[in-house]
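Enquirer: Please build the complex by placing chain B on the supplied structure of chain A, with the hints as guidance.
Here are the chains, one letter per residue:
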Amino acid sequence: MPTFYEPKQIVTPGDLLAEGEYLAGENTYIENKKIYSSRLGLVEYDNKKVNVVALKAFYIPRIGDLVIGTVTEVGFNGWTIDINAPYMAFLRPSDVLSRPFKPQKDELSQVLNIGDLVVAKIISYDRSHDPQLTVAEPGLGKITRGQILKITPTKIPRVIGKKGSMISMIKEETGCQIILGLNGVVLITGKTLEDEQAALVALRKIEDESHTSGLTDRITQMLKKNKPKEEENKNE
Amino acid sequence: MNEKPEKLIDKKGLRLDGRKPDELRPIKLEVGVIPNADGSAYIEQGKNRILAGVYGPREVHPKHLALQDRTVLKCRYHMAPFSVQERKSPAPSRREIELSKVIRECLEPSVFMEYYPRTMIDVFIEVLQADGGTRCASIIAASLALADAGIPLKDLVVACAAGKADDTIVLDLMDEEDKLGKADVPVALMPSLNGITLLQMDGKLTHEEFETAVNMAIEGCKKIYPMQKEALKAKYMGIKEEAEE
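If you read the protein sequences in the order shown, they are chains A and B. Numbering (numbering that gives the first Met the number 0) for the first sequence: 0 to 235. Numbering (numbering that gives the first Met the number 0) for the second sequence: 0 to 244.
Heads up, a few of these hints could be off.
[Stated by the list, open to error] List time: in silico SDA-like cross-link candidates among lysine to any residue, alpha-carbon distance up to 20 Å: (1) B:K62 <-> A:T79; (2) B:K234 <-> A:T79; (3) B:K73 <-> B:F123; (4) A:K7 <-> B:K239.
[To be verified] Per the computed footprint, the stretches of chain B lying under chain A, defined by three or more beta-carbons under 8 Å from a beta-carbon of chain A, are: (5) 45-58; (6) 186-193.
Since the hints were made in silico from the structure, they are not lab data. As the structure is a prediction and not an experimental result, all values here were calculated from the model. From the three backbone atoms N, C-alpha and C, an ideal C-beta is built for every residue, glycine too.
So that you can see chain A by itself, here it is in the shape it has in the complex (with noise of 0.2 Å):
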């Protein structure tokens, strides 16, 4: 029973990974009891099971993600709302206001117009069927302020780290909030502007060199070099 990469070892589609009783994890597939990566990535070998991180690729809705979206287009009974996906998602007024929805009283455009931000969850979605959102959550809804950022969706379990590690690092040397859309949009919010920048270049700088080593440790002393800098700013 073979193996044939070394762990964090890139890979292309193509490449023969396992060989007998192995899993075919995540972007795996079997032919002939060969285990065959599917997309560019890492390789990852979690005890019989085969996985690849990949190092791009776009998101594909789950029921209970949390996701940010853009309403692009208002209709009678909805709103529909780009979540980075390939499918467009939907937004029912029942999930929005806290009462029953009246097509005759109610403007939809009133409560979220075209390009408006929200945080949401995916209540529903399967192969066919495009996603429901929700907004009937506390910490959902309408965005007001703060900045966004996209990235690749697979890397934001990097962007959070072992046991969140790298997130809680990044909120606490910038006294930002971040609520990171698992569609690969973040919302960064924080008390001044700069504040934000810094969050902000952390975050890319972890799209940028996710497959490296040693990455929670560099970013945080980029945080750390930045910050007395402004201070003295500051202070001038």
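Expert: Coordinates of chain B only, in the frame set by chain A:
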């Protein structure tokens, strides 16, 4: 330039550009050259210069073209008006429409079509300079662009042609050999799975000649395959080395 060469193979057995019969033209590959596209690739093969861009999977427009059980792969092969000696009309010609279909059907077996129903993947191929064997070069670039877009693939698709110039079987035909030669056999291959996804022939070959040509083309594909892999990895390896210093 427009004079017809008398012979395609000289006395020493070398071809017009000095290559041996089983030698490929020099290839340069680059991935991620179009920032706006989801995935892209660029190939230089001899004097061929080809760009490929991939968008999607995304919503299907017009909607009635969507399939309920799998994605729709759309492919557009186009030659720039300045890509050949005499200006080519930018409108899609019969040949381009045919090549678009051929390339699409050659890429389809490599894509996991059933993963994303009701969506569409667009592949755009733009030939900037043509020098024979553009369909093969286009397939190489398009497959790289698909992989760069993060679309799950069974394998990369590699393509290479073999043919008959004068009376010799030669690999990777260039323009003159394509036009004046006696036959042309383009082959596309998924090397890891050992599956042929494209096999065409125009001209006349005997059974034995056809077999040697196909085997030669397959050998050519296997030489290009590692270059394709390297090109994909190169995009990320550079960053890795820089960051870990």
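Enquirer: Holds or violated: K62 of chain B and T79 of chain A, Cα atoms, limit 20 Å.
Expert: Given pair K62 of chain B, T79 of chain A holds - Cα atoms ~16 Å apart, limit 20 Å.
Enquirer: Does the alpha-carbon distance linking K7 of chain A and K239 of chain B stay inside the 20 Å limit?
Expert: 12 Å, holds
Enquirer: Per the coverage rule (Cβ-Cβ under 8 Å, at least three residues), is the region 45-58 of chain B covered by chain A?
Expert: holds (count 4)
Enquirer: Does the structure keep K234 of chain B and T79 of chain A at a Cα separation of 20 Å or less?
Expert: Violated, at roughly 35 Å.
Enquirer: Between the alpha carbons of K73 of chain B and F123 of chain B, is the straight-line distance 20 Å or under?
Expert: Distance ~8 Å between K73 of chain B and F123 of chain B Cα, so the pair holds.
Enquirer: Are there three or more residues in the region 186-193 of chain B whose C-beta lies closer than 8 Å to some C-beta of chain A?
Expert: Satisfied; 4 residues make the cut.
This entry does not satisfy hint 2, going by the numbered hints stated previously; all others are met.
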